[in-house]
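Student: Please arrange chain B on chain A, whose structure you already have, making use of the hints.
Protein chains in written order, with the numbering used here: chain A, 1 to 556; chain B, 557 to 623.
Hints are not guaranteed to be accurate.
[Unchecked claim] Straight-line alpha carbon distances no greater than 20 Å define the calculated EDC-like cross-link-like pairs of lysine to aspartate or glutamate that follow: (1) K237/A <-> D596/B; (2) K321/A <-> D281/A; (3) K448/A <-> D596/B.
[Said to hold, decoys possible] Not the full set, but computed from the structure, chain A residues with beta-carbon under 10 Å of chain B: (4) E25; (5) I30; (6) N39; (7) R173; (8) T191; (9) V196; (10) S197; (11) Y198; (12) I265; (13) G420; (14) D438; (15) Q440; (16) K448.
Hint data in this document are derived by calculation from the structure and do not stem from the laboratory.
Where is the CB? At the ideal position from N, CA and C, for every residue including glycine.
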Amino acid sequence: MTARPEGLPSDKLPVGGAMRVMGSETEYGIHAPSAPGANATMMSARIIQAYANLTRQRAAGGAETRWDYTDEEPLHDARGWTVERSAADPSQLTDRPPVLDAEAVALAYGRQELEADGGDESGSLLMNMVLGNGARLYVDHAHPEYSSPEVTNPRDIVAWDAAGDLVALATVRKVAADPDLPAINLYKNNTDNKSVSYGSHENYLMPRSVPFGDIVRGLTPFFVTRQVICGAGRLGKGQDGSTSGFQISQRADFFEAEVGLETTIRRPIINTRDEPHATADKYRRLHVIIGDANLSQVSNYLKFGTTALVLSLIEAGQAPKIEVHEPVAGLQAISHDTSLTATVRLLDGRRVTALDIQWMYYEAAAKLGQETGVSDSFSGDGHTRDVLERWESTLGLLGSNPAGAASSVEWLAKMSLLDGYRNRDGLEWNDARLGLVDLQWSDVRPEKGLYYRMLSRDRMQTIVDDATISRAVVEPPSDTRAFFRGKCVSSFGKDVVGASWDSVIFDVPGIGKLQRVPTREPLRGTEALTGQLFRKHATAGAFLRELLGLDPAPPA
Amino acid sequence: MAAQEQQQPQSRDVEAEADAPEAPPAAPEAQASVATQGVDDLLDEIDGVLESNAEEFVRAFVQKGGQ
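The following block holds chain A by itself, in its conformation from the complex (with noise of 0.2 Å):
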């Protein structure tokens, strides 16, 4: 929860700093040992269908919900334009409901494979869940993807960012249970170091009144160098890891432009596609898609937080006036430097490192938060010092002493990992065990996961306590419509049969047609003004009869 100004309506947050509206979503590595030619989007439906299992035990009724795509825009881009759907990957046509039937998946990766699968199942696997967390659980492309939940702050992304690492783990305890099928492992990274990456973005809500110009200019110097706190470390170097080392992000090999809409192929740094997911003409949702996916708690807290922070240094006009001379060169240089001291050339002539560039950005993200008051330590909004607190402490040990910051930053709790095996055992970079330990850092399972094992042995600082993740799995936040959403589902779940960031749809007997109830209003739907109402009503047609201002039912 969040102190909240006198006088600030209910659906606004204090701005300044790094309180903002924001979500994340992660898709997931996805490998069966036993069965390393299964197909990856069948065990990927595998995997939602697992969850939907879990949850029908979990919820009376169901708990599944169907995906609703009425109002996906993934073609409409932020720079004003539309592109026509006849030019556009086919990846990128994520608006049309993913049913998994068998023609689609043979389309997508040749019949035999699918037939080596065992195709008859495929027309029964569910695709698309949304949970009663509020989040959105799918097959994207041809891996399992967790979008949480609408939240209001960074603490709040790091408790149900984790809360989809426990969902994860959930579905591969119920897939290995099962004797008929193969085990299925889940990894939170981002690339095979065979060439392929797949994506953890983040979207911030911002008022469509910016312009766009002043977006990118802002953040392509932020985004070329915030790797240094918030990267997850990678063996090896190019797309397919073929280069032997170690960078510090999983992903920056695999970005080619500066600006673009394409998630897929020619990766930009800054991504211009523009589905708001709420009223268009008020807001606009910034996709990320360069960061990489975050265990370490205080490298994921810093990414959104410091991100968050930047995204109001450039509303209120105060973002550093820099640029990068070729940020995509500068971005992979910084990535493959570990010491630190790569620079990067500034059109004005200097020549800088990444921290360099952090500390400007830090600075001016500071001057805001005192001048707006957000970040005091008794009136301010409860998060920004403490981001900017962190943010601070962190550049400052990697410029005094990157080791001490093993602890919180990703990349170097994973090379302490990695150099403590190159020197117990004498290992090269290249050695086929270092690249396990990569991989290995970021299964879900505590067990297995080397992240979790360090995590365990109290070499991992933490943001947030397990209990609030073990919430966060169940519960949705209580700030945003993601309450609406998330309760609608666990509370009606029988009776909604479809949702969407932006409605929820039900079905319930005796109000004639389909309700659709639209929640364009990301602080709308929270607790304060709807905890009541399914605090009142046991079912969903009273619910709803008294959320639209129907007619009371006739008495029966």
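Tutor: Chain B alone, transformed into the frame defined by chain A:
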């Protein structure tokens, strides 16, 4: 105002520091050897957790395209 202060995030490491009994600072060599011992224990544990046949396991981890 005091209640708001309590809402400030508090990290686990800070709590752990507060709870830890005070010990005299160890000599630098002793600290280094404790750290080395910790890493050795960690690596020993991880040896037992790593998938067998590293080379084959890593080679078989092949992903289809993603975003």
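Student: Each hint should be assessed against the structure and marked as holding or not.
Tutor: Quick rundown of the hints versus the structure:
no. : hint              : verdict
1   : K237/A <-> D596/B : 28 Å, violated
2   : K321/A <-> D281/A : 28 Å, violated
3   : K448/A <-> D596/B : 18 Å, holds
4   : E25               : 8 Å, holds
5   : I30               : 7 Å, holds
6   : N39               : 9 Å, holds
7   : R173              : 17 Å, violated
8   : T191              : 8 Å, holds
9   : V196              : 5 Å, holds
10  : S197              : 6 Å, holds
11  : Y198              : 2 Å, holds
12  : I265              : 9 Å, holds
13  : G420              : 5 Å, holds
14  : D438              : 8 Å, holds
15  : Q440              : 6 Å, holds
16  : K448              : 6 Å, holds
When the structure is compared with the earlier hints, violations turn up for hints 1, 2 and 7 and for no others.
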